[in-house]
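*Asks:* Using the hints provided, position chain B relative to the given structure of chain A.
Read top to bottom, the protein sequences are chains A and B. Residue numbers for the first sequence follow the numbering used here, beginning at 1 and rising by one. Residue numbers for the second sequence follow the numbering used here, beginning at 1 and rising by one.
Mixed in with the good hints, there may be bad ones.
As the list makes no split between identical chains, a pair holds if one copy fits it or if it spans any two.
Stated by the list, open to error - The calculated lysine-lysine pairs, modelled on DSBU-like cross-linking and capped at a C-alpha distance of 35 Å, are:
#: 1; residue 1: K75; residue 2: K40
#: 2; residue 1: K64; residue 2: K34
#: 3; residue 1: K75; residue 2: K64
The hints are simulated quantities; they were obtained by calculation from the structure and are not laboratory data.
The lines below spell out each chain.
2 protein chains.
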Amino acid sequence: MRARVYVTLKPSVFDPQGRVVADALVTLGYGDVKDVRQGKFFEVELDGADPATANLSAEAQRAKAETRVTEMADKLLANPVIESYRVEVLE
Amino acid sequence: MRARVYVTLKPSVFDPQGRVVADALVTLGYGDVKDVRQGKFFEVELDGADPATANLSAEAQRAKAETRVTEMADKLLANPVIESYRVEVLE
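Bound conformation, chain A alone (with noise of 0.2 Å):
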């Protein structure tokens, strides 16, 4: 089972690597870029034949894998303080 997490700072914090990024693709020539943000993202794979989920329904298991992945975003993969994130079960 696939998982991916995206990982972005919250609106009010500023990103002066997405500022940075925005100024050198105004410079290259594309005068209409506004502003651009910069997050990251994890594609978590886990092991699907783990024997307590394996007589669960597959959506049952889903909900288990996203219910895991979103703890793992919140106590490793993103800063809750200045970053928000959005946790997708892939298959």
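*Replies:* Frame of chain A, contents of chain B only:
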């Protein structure tokens, strides 16, 4: 008009950062994590009031934005030698 560019290392390229994250997750008790790949994404905001595109249909404006953002990704946002990218025009 907003577009997102998702940049990931090509599957054949080793991702040490993702490896470290995967190991950290296993240490935190998520033993079912098999692998993590890390990528980045850019949210690009384009000026919709560009006079060069103002009299095009919404569909044509969208297609034009996609072409421009793909060009940006190729020139600046991604390194096509080791990274692949995906462009998504939002509105």
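*Asks:* Does each hint fit the structure? Answer for all of them.
*Replies:* Status of the hints after comparison with the structure:
1. Taking the shortest Cα distances, K75 and K40 sit within 35 Å of each other both inside one copy (16 Å) and across copies (19 Å).
2. In this assembly of identical chains, K64 and K34 lie within 35 Å of each other by CA distance solely across copies; the values are 16 Å between and 40 Å within a copy.
3. Taking identical chains as interchangeable, the C-alpha atoms of K75 and K64 lie at most 35 Å apart only when both belong to the same chain, with a minimum of 17 Å there against 40 Å between chains.
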